[in-house]
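**Student:** Taken in order, these protein sequences are the chains called Z and W. For the first sequence, the numbering used here gives the first residue as 446, with consecutive numbering after it. For the second sequence, the numbering used here gives the first residue as 23, with consecutive numbering after it.
I should point out that these hints are in silico values taken from the structure, not numbers from a laboratory. Since no wrong hints were added, every one of them can be taken at face value.
Here are the simulated EDC-like pairs of lysine to aspartate or glutamate, each with C-alpha atoms no more than 16 Å apart in a straight line:
| no. | chain 1 | residue 1 | chain 2 | residue 2 |
| --- | --- | --- | --- | --- |
| 1 | Z | K674 | Z | D721 |
| 2 | W | K56 | W | E147 |
| 3 | Z | K682 | W | D51 |
| 4 | W | K148 | W | E73 |
| 5 | W | K29 | W | D82 |
| 6 | W | K124 | W | E31 |
| 7 | Z | K682 | W | D47 |
| 8 | Z | K712 | W | E90 |
| 9 | Z | K712 | W | E92 |
| 10 | Z | K682 | W | E73 |
| 11 | W | K28 | W | E118 |
| 12 | W | K124 | W | E138 |
| 13 | Z | K705 | W | E111 |
| 14 | Z | K705 | W | E31 |
| 15 | W | K70 | W | D40 |
| 16 | Z | K697 | W | E111 |
| 17 | Z | K705 | W | D113 |
| 18 | Z | K674 | W | D35 |
| 19 | Z | K705 | W | E138 |
| 20 | W | K24 | W | D142 |
| 21 | W | K24 | W | D42 |
| 22 | W | K34 | Z | E669 |
| 23 | W | K24 | W | D40 |
| 24 | Z | K705 | W | D35 |
| 25 | W | K148 | W | D51 |
| 26 | W | K112 | W | E138 |
| 27 | W | K24 | W | E147 |
| 28 | Z | K682 | W | D53 |
| 29 | Z | K705 | W | E118 |
| 30 | Z | K697 | W | D35 |
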Amino acid sequence: MGVDPDGRIWHIVIGAVIGGVVNLGVKAFQGKINSWGDGFAAFGIGAAGGALTAATGGAIAASAGLSVSTVAGGVVAGASGAAFGSPVQGIGNAMYFGDAYGGGQFLTDVIAGGLLGGVAGGVAGWLKNIKNVRNGGQPGDIWGFKAGVKRNIITFNYPEPIGAWGRDGQPLKEFAGHKFGGMEYLDEGVRSTPQPFAGAARGGVDAIEDLIKLNGGRNSVTIETATQKIRYDLAGKPHGGVPTPHKQVYIKNFVNGIQKSVSRVSKAAFPMTEQDLELVRRFLNGQ
Amino acid sequence: MKVNSKKIELFKDLSQFDLDNVYYDFHNDFDCIKIVFEGTFILLLFRKIIEGYIISFKFDNVILVSFEFENFNKIKNLTIDNIYRGRFEKDRQLIEFSSDGKSYFYLEFVEGIRMELWCDYIVIEKTEV
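Please build the complete structure, drawing on both the sequences and the hints.
**Tutor:** This is the structure in structure tokens:
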């Protein structure tokens, strides 16, 4: 039995099923299905056209460097897929059912494919961004978001999105349906949403001491990404009334793709969670 | 210890660093007890919370570019958040060093004080009290 570990043919299978069902439905509506044979023929013709549309459209968009979850990628995939699938289905229906098929119908199919592909690509891209944000990425994740003006967004999820910042480092009031009150909201949100580190009651002091030992006796661990750094203070003085262990998040500010400076996302220090401690432990262990 | 500011690694956080094989964490273990801007230098004095000794952090031949100070009513002790050599933006271009060889530094405190300055040297000294 063949396997498709990368899922590279599923869109073709789905295209075939949709093409088959739609063509069968149209022929049934037109009153041209009078036997099981007519039904199988209608389904088969539609399936062949649908499979070819799905197989060629996505590949052509990808070869042009476009993602099908964008409007442009959807237009290219839809139109080019229809250019291949339409003749198969049109000629098939013409041969079996006696339908008319010519250049006009071909052009209509290509234009309709492009329009539908564009709408579907735009919607898919939008849903993908919503899903990414709602599923809570990691601090520092960058989601490309297209809403009239293309911009890069940094979302901070803790565990739900509590803030989003544009590439210029400025907090956004709204992103992908989430409304943020800027820094003030972040301060309030952080205090209420995370589960703070359990502390001494659950052997927390020993855990912190172990981490400091693992860190060569230093109180602080900084983990950096390309766009962000997070400083985890395991011990030491409270910051803004938040005792250690706590963390502070900084973003790196860029001009023309070159780093200029570093600034704090919020004036607040955030209490470290059990997950944060585990992350620091894994970082110090080089995992 | 006197360090030519040009030799300081870009974006290296000077609020936590090694000096003469001793690790100093100004962010967690020290209070900033004094800031002086006089003539051509800016001096920061940090006092270790437990032992009480003082480390002075002096920026020499300074040109102060910006200074922000807020939250007056909330400030009891100052905590340094970040000291690093960064880049300066001029006409949408970033530069590391001025025409007269100074480097650009960013200083930020947890309580909201921010400074940006050009300087030639940093002098760091420990004073036992």
